[in-house]
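Chemist: If you want the building blocks of each chain, they are given just below.
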Amino acid sequence: MKRLLRWLLWLVVLGRSLRRPPPEGPDERIVESGPARPRAELGVVALLLASAGAGVLAVVAYGLDWSTQAFGGALAAALVLFAAALVVAAKTFIPDEQLDDEYPPVAHPDEQGELAQLVRESGDRITRKRLLGGAVGIAGGALGAALVVPAVSLGPVFDTSQLNESPWRRGVGLLDDKGRPWRADDIEDGTFYTALPAGADPKAIGSPVILVRIDPSQLELPAGRERWAPEGILAYSKICTHAGCAVALYRNPLFDETEPGRALVCPCHYSTFDPRTGGTVLFGPAGRPLPQLPLMIGADRRLVAAGDFSGPPGPAWWGVRNP
Amino acid sequence: MKHDPIKDPVAFIDERASAAPLLRKALRYLFPDHWSFLLGEVALYAFIVLVATGTFLALFFEPSLSDTVYRGSYEPLRDATMSHAYKSAVELSFDVRAGLLMRQTHHWAADIFVAAIVIHLLRVFFTGAFRRPRELTYLVGLTMLIVALLEGYLGYSMVDDLLSGMGLAIGYAVALSLPFVGGNLGLLIWGAPYPGDPSFESRMFIAHVFIFPAIIATLMAVHLGLVALRHHTQFRRSDPRASERRIVGVPLFPGQTPRSLGLLLATAALLFGLGALVQINPIWLWGPYETYLGTNGAQPDWYLGWLIGGLRLVPGFDVTIGDATIVPNPFWGGALFPLVVFAMLGLWPWIERRLTGDRRPHNVLDRPRDAPLRTGFGLGFLTWVVLVFFAGSSDRLFVFLGISYTAQIWFWRFAVWVIPLVVGFITVRACRALQRVEEVEAIRERAEEEPVPLPDAAGTPAPRAGS
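One line per chain: the protein sequences are W and Z, in this order. So in the working numbering, the last one in the first sequence is 332, and the numbering has no gaps at all. So in the working numbering, the last one in the second sequence is 452, and the numbering has no gaps at all.
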């Protein structure tokens, strides 16, 4: 009888294990199970193959030097098709279980205490704490200074006098960007010209000047500059006193309703300067006038500087002196 | 022994790195499921594209300002004298196969990298994700944004075309404008008065291809490490398991992995697609830079537009004492304005804590309406910066619509202060109204579940049934 029961029990167990195949590996699943999605798998395969096709096309486009658009477009297509395959997989047969987990505790008071204790006990053989701390501070500071000081080699940090240097002196000739001298008769009313100093670096900030011609009867230059504009030819630094861009716009001709006066305009932040009154600021953020260069007409009617600028050329800095 | 293609490599790694417990935990790190949590990932993937395309570019770019003559295939510039830097960038665009694609993709990736960071920052700000215990994560992210702006500026500045020269001149003027140290700082960075020592180009190059990317990568690692150690924040939702103490989300593996890789590939596809099909910064049209050259309608990359606006809006004055300049004009718009913006953003977690008295740690995010003060301030502040940005495009509006530039600037000089206040005020009111609507809804729902007897004529509420 007992044997029979044992047999029956064995049969039941066997039957169950036959109905459900034994799980492989651990008894319990870690990742949530779900239905198979064979059609989605085929879709993902199709996307991956399309991506491969686009990739091959990109290689061909590169090899045959088709165009930026063809190569880049094929590359982008290969990338986006691969991305689509991944997204479809994520949305269909990759498990997307929502799990929960504990947030880490805001604080670990025991460990915090131990850390503080550890640091404190490590230093409890020191009797002159402040003296030692001060010495470490001094040594650290000095070492830091010694390590950082080579950075001063980067530039002439303390020689700020060169920041607004100007190459213009009495007698320096005005040249165009090809190195030909400007003559008084080249300068016509209604447009502007760029001039550079003879024998100086044309890239330097103090070098370029802007030339315009205005009927002398319209000029209202500051006192002392009466002779700076022979025949109405005026020269101003071409570098804006606001942010150092080239003053590359000349407002002329004029429209009485909206733009009543001529102006030199910087295209970066639209600082607007009046060439009739010595470069004073009409509008915009510039804080000081464009420096004016006194001119004279030399031999052969060439334009020549009659001195240096009326003020420091270039953008302002904290040491700029305005006469 | 039977080979197991999965277990064998796992065993190999574990037995050498002792990493199985860590990996077991890492693979089940939870990502709360919300689209806005992918914005930071987009930034990360744009950065990967930047490093990849940038490495390609660096193999061809010659960071030197010495003069040479262009003899490449672009006719209009043939025989022009230009720097090696500009010449190599033009040659890279026309004579190196795939060069133009890489250059344009790099530029687009930079624009979208910063855009993704900014939108991510807005999400973090308006949901209060920066609150305790994540202030440090927030500050590291903010620092990354600042470094990313400088990195982008250096990137288009070192090409030495006309636009980069104009941008550098402005950068130089802003550096010079810092009170008391500006002159010295400018000379230190540029090595000589503008346009600077020839070595300045090498300095920009090493900063752009090594120093700043290394800083960004390091900060990124710290940022992600801090996120993971504290776990993600999560939105309040219907899942009953989610709370301040428990996080609900999709595990890194398998659920999040294909999504994240898909996003990486989709971001790369977008950037390469833009690089292939949409022209950006056609440097060959600008021509080489000289100090005395400028062009009208020059605009920087979008992420510096707010600084152009700031520089243009300030009325024309330098702070002087007698004849000595103390604070030159570019300081206000170019240095103080960004300083105020980043200082306000950086200090906000502590300002808000002071204002609300809420010092508790938070893992569950607010909706914007849940914190009217923060949302009102944030929207007003954002409006301020965006309006200054728009003011920077007044010249374009003048060209396209004919509205007087001077009138526009005068309008914005006042409007950028007034409109943000109005926006902030309306926002606070709107948030409070939305909160009240929800309270009323909640009362109605409760009433429908359990009818409450109306108060009697004297106004004293009738006792609730069953209480």
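Hints in this document: simulated from the structure, not taken from any laboratory. Worth double-checking, as some hints may not be accurate.
Derived DSSO-like pairs: lysine-lysine, alpha-carbon spacing no greater than 30 Å straight-line [what the hints assert, rightly or not]:
no. : chain 1 : residue 1 : chain 2 : residue 2
1   : W       : K100      : Z       : K(-13)
2   : Z       : K10       : Z       : K(-8)
3   : Z       : K(-13)    : Z       : K10
4   : W       : K187      : W       : K212
5   : W       : K100      : Z       : K10
Chemist: Next, verify each hint and record whether it holds.
Modeler: A quick look at each hint next to the structure:
Between W:K100 and Z:K(-13), the direct Cα distance comes to roughly 34 Å. Violation of the 30 Å bound is thereby established for this hinted pair. A hinted pair counts as satisfied when its Cα atoms are at most 30 Å apart, and Z:K10 with Z:K(-8) qualifies at roughly 17 Å. Distance check on the hinted pair: Z:K(-13) and Z:K10 sit about 27 Å apart at the alpha-carbon level, within 30 Å; holds. Restraint check: the Cα-Cα separation between W:K187 and W:K212 comes to about 13 Å, which is no more than 30 Å; the hinted pair holds.
Restraint check: the Cα-Cα separation between W:K100 and Z:K10 comes to about 24 Å, which is no more than 30 Å; the hinted pair holds.
Hint compliance for this structure: hint 1 is the single one not met.
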